[in-house]
Amino acid sequence: MQCFSSAELLDSLIEVFFTQQRSEIDTWIHEPTMQLNEENPDMILILAAAGAVRSDVEAIQRLGNAMLEYEDSNILTRNLKQQQKYVLILQIGLWSGDKRRVEIAESFVQPVVTMLRRASRFKHEAYPTIIPTATDDDPTLERKWREWVEHESFKRLAHHIFIHDAQASVLRSTNPLISHMELDLPMPFSRKLWDAKTAAQWRSIYLQEVPKRISPVPSLATSLQNISNLSHFPRHGDFRIAALAGVHGISTMIAHCNQTRHGPSGEWSALVMKLWQQELLQVLEQFEIVAVEPLQRVIPAIPLIYQTVSLSLYLPLGILEAFSGEDDEKRSSDVYQSFIQRISAANLRQASWHAGQVLCIAKSMPLGSLTDFCATCLYFSALAVWSLGPILSSNSPASDVGYDNDETVFLLDGDSDGAALRRFTLSGQGTPAISSPNGHVPLNDRAAAMRLFQQLLRSRSRGGVSDQQTRALNNAFSVLGNTNATIIGGQRKRKSPVS
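Per the working numbering, the sequence shown starts with residue 7, numbered consecutively.
Be a bit skeptical, because a hint or two may be false.
Stated by the list, open to error - List of simulated lysine to any residue pairs, SDA-like, C-alpha gap at most 25 Å:
{"id": "1", "residue 1": "Lys369", "residue 2": "Glu291"}
{"id": "2", "residue 1": "Lys203", "residue 2": "Pro217"}
{"id": "3", "residue 1": "Lys150", "residue 2": "Pro240"}
Hints were generated in silico from the structure; no laboratory data involved.
Could you put together the complete structure from these sequences and hints?
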């Protein structure tokens, strides 16, 4: 105990956690009602650990991971605080960059999902309408506020675990545990209401923001059934969480399509798959207009994730990892022969465009924001660039349409107009490249391209100090940059596996 952290350090780490949470989209632990002197020790320890892993100092990051060895949260009840603690532990583990902790976090998502599901926390019936009035006395108003906070906290926790589950399925190439159609609960109220620090402030904002004839905030399930619903999202709802949950909901829809595409297929199913892909493309295009474009300047993480999800529609992310050599050389060859070789050149070029747009958005993100799932999006973008460069060069679409691509460079991470993009994706006009401080790098120059990704990840990491996940991704980029082999046209060359 003499070596354990002081109360002052724990206080500062908890403040780091809440400071970080204030800047996040899906904040889900209510800070104003969190009385640390009344919380049990394991909640305080987990909050401090969550702050420590966000520190700029590598030694404190290690302290945060070590703190979790002291916790004992194996008994999960339907109590809100217990579930919040549990999910915090899962979140820290999933993005720790430590293989053991990642596997533990992946293994223990099911219990909290089951508890929320059995408590009907994914259904609208669990959330009664609580309305403050001008005539409420202080005790009544305080009681209403705290009841509202608890229900709202469960709402935000339910959406947070859905997003967590969707991200884990992308990271680990596994099936998600929660379907977007299961989330029938209303989306959370606005951040302004959530951030109210007192019951009186909450009532004042509520009476100003929420109409007397309150319209229900739509659920994720109903929003994704009809994307246009998001264009009429009520002012008293949290549109940012709706957009974040929505893009992850679409990612699970695309993952289901891709999984079906890998199964045994005949001539009829090829047509079904094409129609299914076109329908998902329409969903993505609608979602971009109503949810991504309004937020692209204020929350770059949402367009970054959107471009990664769009990439996965044309080229499944798990396939990218297998092709890069994560498993072995034979698996890489099989993936190329059975899957990648059958993708149309237009779809491959469209995938490369989305990969370049991920890179473009990542460059504009604030210092310290390219972490966790956003860093994973950059990793898959790099895999796509690494994989597609030689393939697009070997396919040489210029011969199909009579263009001389050697005279034209098409920057995948540029702001190309719609006509230029169509000429590139449909006709192959332009040599695909990504921009660099010294000009541009062709996609087939893998080593130079991976160095750009590596430099970007380093420059955007917290305080210039890489945490364990960032180091792991940097190592992956380094391996990719030093690997020039691929399997094209039946020629097999040696590959270095990517860990």
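Take a quick look at whether Lys369 and Glu291 sit within 25 Å of each other, Cα to Cα. The given pair, whose Cα atoms are some 23 Å apart, holds under the 25 Å limit.
Restraint check for Lys203 with Pro217, where alpha carbons must lie at most 25 Å apart: 21 Å, holds
Pair hint Lys150 and Pro240, alpha-carbon separation not exceeding 25 Å: This hinted pair holds, its Cα atoms lying about 22 Å apart.
Violated hints: none; the structure is consistent with every hint.
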